[in-house]
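Number of protein chains: 2
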Amino acid sequence: MNKHRYCVVMCGGIGSRFWPFSRTDMPKQFLDFFGTGKSLLQLTVDRILPLVSPDHIILVTNAAYARIVKDQLPEIKERNILLEPARRNTAPCICWAASHIYAMDPDASIVTLPSDHLILKENAFLETLEEGFRFVEEGERLLTLGINPTSPNTGYGYIQRGAQVTGYPGICKVKTFTEKPNKEMAKVFIETGEFFWNAGIFLWTAKSVLQAFLKYDKETLAIFETEENVYGTEWETSFINSRFPHAPSNSIDYAIMEKADNVFVKSADLGWSDLGSWKALYEVSPKTQDGNVTQNCNVLTYNCKDSIIAATGDKIVVASGLEGYIVADNDNVLMICPIAEEQQIKHVVNDVKSRFGEKYI
Amino acid sequence: MNKHRYCVVMCGGIGSRFWPFSRTDMPKQFLDFFGTGKSLLQLTVDRILPLVSPDHIILVTNAAYARIVKDQLPEIKERNILLEPARRNTAPCICWAASHIYAMDPDASIVTLPSDHLILKENAFLETLEEGFRFVEEGERLLTLGINPTSPNTGYGYIQRGAQVTGYPGICKVKTFTEKPNKEMAKVFIETGEFFWNAGIFLWTAKSVLQAFLKYDKETLAIFETEENVYGTEWETSFINSRFPHAPSNSIDYAIMEKADNVFVKSADLGWSDLGSWKALYEVSPKTQDGNVTQNCNVLTYNCKDSIIAATGDKIVVASGLEGYIVADNDNVLMICPIAEEQQIKHVVNDVKSRFGEKYI
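If you read the sequences in order, they're chains S and R.
For the first sequence, position 195 matches number 195 in the working numbering, and the numbering has no gaps at all.
For the second sequence, position 84 matches number 84 in the working numbering, and the numbering has no gaps at all.
Think of the hints as simulated: they come from the structure by calculation, not from any bench.
Errors might be hidden in some of the hints.
Which copy? The list can't say, so a pair holds if one copy fits it or any two copies do.
To be verified - Simulated pairs of lysine-lysine, DSS-like, Cα-Cα distance not exceeding 25 Å:
# : residue 1 : residue 2
1 : Lys315    : Lys207
2 : Lys305    : Lys353
3 : Lys359    : Lys315
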């Protein structure tokens, strides 16, 4: 195991598209989505362990989730859990984690992982990261993983590949990033064969990514710069709590990846889904003969087709005559809605919040 | 208040057509169906109080519901609550109650009421009973109330009227009883103008109904006959517990009403519904502009029509794109089914019982 390799797991998101299962106080990444006995976060950490030691795994989450993260991952030392005092998207998160790791180990290389995705091909994943680490450790390079698209999905970011890098099969220069194209554009993207889905998995050295912040997002970098080192000391928490809220809210894609000229993409076949929505979950889940997904719960269906039904605990669901529906029953909320309208869930969440209050969100 | 008048309230049923709200351990009659703060049973007792004193109200229920009945009706003395040790339909229930009352008061007249119906016109109800009592107190007559049918409902029993009784407006001899006709027959029934729905509300004297048992259902009567009177004594319970289970299971309609030649019907306009099913509840409930009934719960609908949505406690239901559905969420069961298929609910209940067990029934 290369002792300069680190992993940053981002686990502070809200996952509102999975409401009412994903809730403000218990978002998607902490849920046992597939009934395996492990949350998506736990699965994410388990998956990386053959490559990175627990001491080198840094979890970045919102302070509100400190308890859950500690409970779910007792093997990760408390000093490796970075608690964001405010929600500022991925750029500040990554900049802090890189600053923190760089202070410990200026030769560190880092893979940054979302905590709420599905990856079925674990060996391919580890091999891809191994090759990715070697690539970024040899120069000032920012690497993102690209998934071969299987449909013109409009919910993903797309990466257009440029020239192939000599000596690194599967790694290309990145030509363009496109966030959530419309259907027509997505179809064209796929036809050209030049586009990948952006998996949101990044590799770089701590030095390279901080260099990129210096070039493309000084404002964010300034938040985390100190005269005297505070990272890894007892002062880090108070320093972050005073500084972090002033960071602009920004995604790493927008802050760095879309601007930098040293960005590369490594194509990978990982059995990947971002599990970004009920529809995405439906698509990757095993189905009954009628095309129903009964998400880890007791279900009795009559004349139901192509639906996803999810409930918790010992609840049973009896459903008749539904076609293409999401039925999601969790705690104090029951939602029934056509899968085709799942993009409306975020509006629904707003409606529920304003009409019935925070306790349902 | 006539001191020989009694009321028997039958409240031992299971109400399985209202599953999953009506449950084996808390059937329909004990539920606060309309969010008024009173159960259907409590509403039934309240409704009769202007006509019959609490001391003359006899509740007959299954022994399993003793606690619930006492809790819901503290004003009824314990000696007025008759606990059936087994489920034997209405004939044994009525025969016991009549025997019990007759022993106390051989001149008693009795109105027998279901405990789980809706009656909106309380004054008309009381006037009808008052007239009915006078009619049965004057001779050996069995009287049932008939509701003017408003649709060819196939879930009700139908009563065909014969000759008008002179001097008693609205009271006719009964020509035939027909239990749950098919749609075509129900339509013909309504067209003739000779048919009423059977409301299951009966009036007679204790003596008359016991006489009818003697003529038409000796087997049941024998169960309740004693050499020495036990009714109203400390021996009644053990006597009933040893005898009652041997009674044949039979409805009063089949045992007596369809056979006797002294059966009369009094037509009544009571704003009545037997609340026999979700559809019946839907029909009598106030509706939103889109024709939805949101049964006493917090609901947010999008593109929903003609549906009934029921949940308990502080649960919210978000529903989109449903038309003509029942959504019923109660405790450990969620049921979603087209209103048009509500007749299947009893089969569903059987399926659930055999697949998931008693705790869902």
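Status of the hints after comparison with the structure:
no. : hint            : in the structure
1   : Lys315 - Lys207 : neither (51 Å within a copy, 51 Å between copies)
2   : Lys305 - Lys353 : between (31 Å within a copy, 23 Å between copies)
3   : Lys359 - Lys315 : both (21 Å within a copy, 11 Å between copies)
Checked against the numbered hints given earlier, the structure breaks only hint 1 and satisfies all the rest.
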